[in-house]
Amino acid sequence: MIEITSNKIDREKVLGAVAHLEGGAICTFIGTVRSKTADKKVLRLEYECYEPMAIQEIQKIIDFAKVKWPVLAVAVSHRVGTLQLGDEAVVLAVSTPHRKESFEACQFMIDTLKQTVPIWKKEIFEGGEEWVSAHP
Amino acid sequence: MIEITSNKIDREKVLGAVAHLEGGAICTFIGTVRSKTADKKVLRLEYECYEPMAIQEIQKIIDFAKVKWPVLAVAVSHRVGTLQLGDEAVVLAVSTPHRKESFEACQFMIDTLKQTVPIWKKEIFEGGEEWVSAHP
Amino acid sequence: MELKIKTFGAARDMMGGKEVVIKINGTNVCDLRKTLVATYPALADLRSLLIAVNQQYAEDSQQLKETDEIALIPPVSGG
Amino acid sequence: MELKIKTFGAARDMMGGKEVVIKINGTNVCDLRKTLVATYPALADLRSLLIAVNQQYAEDSQQLKETDEIALIPPVSGG
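Residue numbers (the numbering used here), protein chains in the order written: chain L, 1 to 136; chain C, 1 to 136; chain Y, 1 to 79; chain P, 1 to 79.
Everything labelled a hint here was simulated from the structure, so no lab data went into it. Keep in mind that this is a model prediction, so the values were computed, not measured. Errors might be hidden in some of the hints.
[Said to hold, decoys possible] Pair by pair, the computed Cβ-Cβ distance ranges are:
#: 1; chain 1: C; residue 1: Leu85; chain 2: Y; residue 2: Thr27; range: 52 to 60 Å
#: 2; chain 1: C; residue 1: Lys66; chain 2: P; residue 2: Glu59; range: 23 to 31 Å
#: 3; chain 1: P; residue 1: Asp60; chain 2: L; residue 2: Thr5; range: 52 to 60 Å
Just so it is clear, CB atoms sit at the ideal spot from N, CA and C, and this is done for glycine as well.
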């Protein structure tokens, strides 16, 4: 399951999508909006996405993980639009037969998602706003 | 939150217990009952627990993780009694400011839980049963 | 060749619109990049600027057609 | 000294009961372990056998009292 949504992410749906009888391990990563970035106080975030390409890039990451680890199922939901403090921006879950590979695959997928998937976030803080990572 | 329960684990309760405004990352591990162990077909598992000591040992693991990583909150729920295929035996969630440390702390805690916490599982398979890891 | 370019994030702010039309001299991604930076000098301030053609990251040598779906991909920051 | 011992998992099956009472010669955890293995030889087949005193893992040298809460901890397998 790959989902880009402007609504609150349904964690139970993501977890339900990776249930697998041969799986003994599910590792999940949830990225949430923090109240602080360095010294600035974040008010909210705005996410935007090049959706058709984002879905293809996420699928590539899943395909790659399946070659590298015995992945049984993966589900990813990424939220876009305006997010408030504490909101969940991404929920990624993977099920594998054993525990170690679930952590490795989950961490690989979220690390790669942050590097290759065309999604952008703008931080709105007191006194300004900034596209994250845009500038050197 | 530390919980030993004979009921189905409430994932939403575990995840809700680690929500933290300064957290940007939640890593969760869910251990489920697999249908296969080596070549044997598992019918069900029976878990038992030395509960007061188990809770203290889990607390020690959490305390240790908090020294080693910037852990904001941890929640652990472990189920005991009879579990069927696909049931969740343990749900462990940890929130931290950043992603890398959430994976490290979560993996450390579940690895250590499996080594030190007085909980035992018996596999009931076709034609026999066996306490897991009891014998060399 | 006249190309329609989708823009996102910091690049969109620098170019002042979600979709811009630009005329380039040349036929490949490298030519497009040069024209873009000449037209919108602020783009040179980005940490990186990738170009996607038909929803795939493209090499500088890739040839372009007017019917391609082209997008500017400034540094991503999902998750 | 007479001690009440809680038993779990494979150790409980080997000893035939959730709680057993055992008389030991000696006063520490090591003495208890020797008496246990002499009385229930099957315990020697376990991959390991730890002893908890008052809900804490105990060293072999720890002194025991009749009022202690003592538990046999065969190899754990939670999670």
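Cross-check of the supplied hints:
no., hint, result
1, C:Leu85 to Y:Thr27: 52 to 60 Å, "holds (59 Å)"
2, C:Lys66 to P:Glu59: 23 to 31 Å, "holds (26 Å)"
3, P:Asp60 to L:Thr5: 52 to 60 Å, "holds (58 Å)"
Violated hints: none; the structure is consistent with every hint.
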